[in-house]
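Keeping their order, the protein sequence lines are chains Z, B, H and F.
First residue of the first sequence: 23, per my numbering; consecutive thereafter.
First residue of the second sequence: 23, per my numbering; consecutive thereafter.
First residue of the third sequence: 23, per my numbering; consecutive thereafter.
First residue of the fourth sequence: 23, per my numbering; consecutive thereafter.
Hint data in this document are derived by calculation from the structure and do not stem from the laboratory.
Every residue gets a Cβ at the ideal spot worked out from N, C-alpha and C, and that includes glycine.
Check before you lean on any hint, since a few could be wrong.
As the list claims (entries may be wrong) - Below, simulated DSSO-like cross-link-like pairs (lysine-lysine); rule was C-alpha separation at most 27 Å, straight line:
#1 Z:Lys61 x Z:Lys137
#2 Z:Lys61 x H:Lys137
#3 Z:Lys79 x F:Lys79
#4 H:Lys159 x H:Lys137
#5 F:Lys159 x F:Lys137
#6 F:Lys79 x H:Lys61
#7 Z:Lys79 x H:Lys79
#8 B:Lys159 x Z:Lys79
#9 Z:Lys79 x Z:Lys137
#10 B:Lys137 x B:Lys79
#11 H:Lys79 x B:Lys79
#12 B:Lys79 x Z:Lys61
#13 H:Lys159 x Z:Lys137
#14 Z:Lys79 x H:Lys159
#15 Z:Lys61 x F:Lys159
#16 B:Lys79 x F:Lys79
#17 Z:Lys159 x Z:Lys137
#18 F:Lys79 x H:Lys79
#19 H:Lys159 x H:Lys79
#20 Z:Lys79 x Z:Lys61
#21 Z:Lys61 x H:Lys220
#22 H:Lys61 x H:Lys79
#23 F:Lys79 x F:Lys137
#24 H:Lys159 x B:Lys79
#25 H:Lys137 x H:Lys79
#26 H:Lys79 x Z:Lys61
#27 B:Lys159 x B:Lys137
As the list claims (entries may be wrong) - So the derived label-pair ranges between C-beta atoms look like this:
#28 F:Gly109 x B:Glu239: 52 to 60 Å
#29 Z:Tyr230 x F:Glu235: 23 to 31 Å
#30 H:Val23 x F:Gly109: 23 to 31 Å
#31 F:Glu235 x B:Asp257: 56 to 64 Å
#32 H:Ala201 x F:Gln110: 26 to 34 Å
#33 F:Val164 x Z:Leu255: 28 to 36 Å
To be verified - Here are some chain B residues the structure puts well away from chain Z; computed CB gaps all over 12 Å:
#34 Val23
#35 His33
#36 Ala156
In case you want the letters, here they are:
4 protein chains.
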Amino acid sequence: VIAVNEAQTKHLFDNRYGTGQSTIDGLIRATNVLLAGRKLVVAGYGWCGRGVAMRAKGMGAHVIVTEVEPMRALEAVMDGYEVLPMGQAAPEGDVFITATGDKHVLRREHFERMKDGALLANTGHFNVEIDIPALQKLATSVTAARPFVDAYELADGRTLHLLADGRLLNLSAAEGHPASVMDMSFANQALAAEHAVKNADALEPKVYVVPEEIDREIARLKLETMGVAIDRLTDEQARYLASWDEGT
Amino acid sequence: VIAVNEAQTKHLFDNRYGTGQSTIDGLIRATNVLLAGRKLVVAGYGWCGRGVAMRAKGMGAHVIVTEVEPMRALEAVMDGYEVLPMGQAAPEGDVFITATGDKHVLRREHFERMKDGALLANTGHFNVEIDIPALQKLATSVTAARPFVDAYELADGRTLHLLADGRLLNLSAAEGHPASVMDMSFANQALAAEHAVKNADALEPKVYVVPEEIDREIARLKLETMGVAIDRLTDEQARYLASWDEGT
Amino acid sequence: VIAVNEAQTKHLFDNRYGTGQSTIDGLIRATNVLLAGRKLVVAGYGWCGRGVAMRAKGMGAHVIVTEVEPMRALEAVMDGYEVLPMGQAAPEGDVFITATGDKHVLRREHFERMKDGALLANTGHFNVEIDIPALQKLATSVTAARPFVDAYELADGRTLHLLADGRLLNLSAAEGHPASVMDMSFANQALAAEHAVKNADALEPKVYVVPEEIDREIARLKLETMGVAIDRLTDEQARYLASWDEGT
Amino acid sequence: VIAVNEAQTKHLFDNRYGTGQSTIDGLIRATNVLLAGRKLVVAGYGWCGRGVAMRAKGMGAHVIVTEVEPMRALEAVMDGYEVLPMGQAAPEGDVFITATGDKHVLRREHFERMKDGALLANTGHFNVEIDIPALQKLATSVTAARPFVDAYELADGRTLHLLADGRLLNLSAAEGHPASVMDMSFANQALAAEHAVKNADALEPKVYVVPEEIDREIARLKLETMGVAIDRLTDEQARYLASWDEGT
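Could you put together the complete structure from these sequences and hints?
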């Protein structure tokens, strides 16, 4: 088995630039909401969360990030985002997007504090990131407000909007990743398969990472198709990097 | 006549934040192209052009601006954009968006230098910003590649894609401005009409601008609906602003 | 009198890009504080305030804006900043920069709520934007922490740092505007003086704005010195702009 | 030996946010150049180069990145930067900053194509990133233009400015990293030393990485000192992450 999902040309690009753009795309298609000036809460600051945060900021939103890992939380702070526990973000946010891979990131205690009209969406993994059964219990009625938008009216008069049934927003309400990030993901699969076939004798029955030279070759080809040329090390530079003798 | 289009709560918001977001939205819906890493050329750096440039940059594009007015061109430069004449931008761009209000901003001399696969769109005014008849003359065939995308195959083998027949991209391929910018534009119309009725006797038959107090009141109400509170001048501050005696 | 300060090539560039960069420069020289992740409060969203907010955001700060004018406050919101009354911003901010042209924008009621270690600076106008006498009354001691940084120790144990005696931070603690924005301001003065001399007979004793053609010529020359070429209207385009007959 | 330089709380923060800000700081102190609208070339897109690129963009520069690694080059492209080989960037740039750790990144072939007045600086490693001997050979005279700025007049009349003798710009012309990034780097050293003492018996004579729990604890403490609270996994969430049974 070769874990293509862990190749750099996969997760650095697909998860970040792909999910970033396509999640914003799904949000706008589903709701046509103006992002400028909205408070948009991103749960999770992994590659997907970073992509969503970066693009939401680029559309003029005030982005709030929630995290459980101190290292990622600190990066989010230093990247200029407001970082809050979800309990404090809940009454602030206009839009909530989960990107954690975990369960019940938005739950009853949060629904109870949210603003009337808040939008809830998931771009992380399964439809368990938002605790939908808890939302249903709180609701007195559920109506389809627009395609991909269900309005949950709560007993206290507030309405919360669940997008795309809590399924991946970018796949449900938009077209998923653009071709120009999927090309790299697919190239990983194709070249990893070729690698497995060619090296069948030498490989053991275990999980391998994608060989670095495949990853680098994909990046090189991608640049080429984009018409971007880069530098090459001179011989002198390659020697310098390999040596301990030079420099002061 | 009251020129509501010139109210600040109209052109500062609708033309910039509204057109900015909805044009990007239209572009992505029509093409599902990844903006990160693309060279996107914006023709015109008025309020619409600024909005498009700002949001395209926010989506990770490398934005090139073209202008005819030195002042605007200089602002674009200082805002960090590359500024080029269209003749030089033509062979660089992956996407071209006109926002000028003028005619034939993209024309034969530009089509001839563009890259294979370039996308051409208009978000400025009428369908004359792109010289479509000239494009048709150059083409050996025109086929619908996707909804809102016509592929013009040229004699030299390149294909240029015209989006939404050169009509306003955000109205054609997306939903136009979000409600939360149109609310201010409509408030201008409603309050300007009320003003005209109430002051009918005092008004002469000419074109008026929207009274500043209406503009300010709309901004105040908009902030209120967004839950944003702001400061008020203290008496001491108001006196200071009105005086010439204080300060060193 | 010709009001050169109101020329576009003055206030759009000097006040925004000049003050923006040089205020950040003064702040870092005076304190060597890391801006990434700090909450930086900008009082006033005029051209100077915009410049400071834009550059502080660019350095990774979480920027909070305070305003008294609804229109400007709304622009700040839509530009992605958090907008708060100063009373609410006071306990949040790590750094406070006034850019209002008014008096006592930071005053006793705010000092009392600020965090230990907060930095207070002014880049607006005179040294009255921060109510220094009120700060002195609250302080049990004042010591020079670094050049341009006075530490006001308060009775409750907190210390507030006043930068550059509340005088313009960019002029006091840095070198003021870079030459490449002052060149435009000086060009305005020189060309306006020439204009006054040449047209002495036709001018009346009153305040004039800088003639638009001077402003545009300065912008044109500036672009030329930067090596930036721009487009010119074709004859067809100039005719179109001047006509009511074309377009659909 | 414990390689503290490879701890995440070191290189993710010190190299990126620290070097980013302090290099811009050194550049402005040395030259007082306006960054808005300048073409600034960053050689190398490692953590230091990213930091410099990000902050230069935040100050309004048009940033061009050069790289030898396809993967990093591709990230730079998708982050919205122009990516060029140095040979093409040389005649474009107003400012050049090397951040590669390699040798002769700027060399004779580049000096020969640079614009009159270009600024050359290094923020990577030793003073070999810029080939100073080659620059000296090309020069007919060298004069000190300002502190930390040497003007190399070339035979063809152009002048190139070398900043801080090609030594690290942020350490030479500014104050180096702010205290609030060095605190994490020093905490790594202190806690790694403590770890070595406490576990002296179990450690072998080789190079270790900083234990992940030390890294995470430093991040946690840093957030605490900044007053930033984050979420904790609920028991249910921790179970979910550890399980393969749930989700659809």
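task = List in ascending order the numbers of the hints, as given earlier, that are violated by the structure.
result = 8, 13, 14, 15, 19, 21, 24, 30
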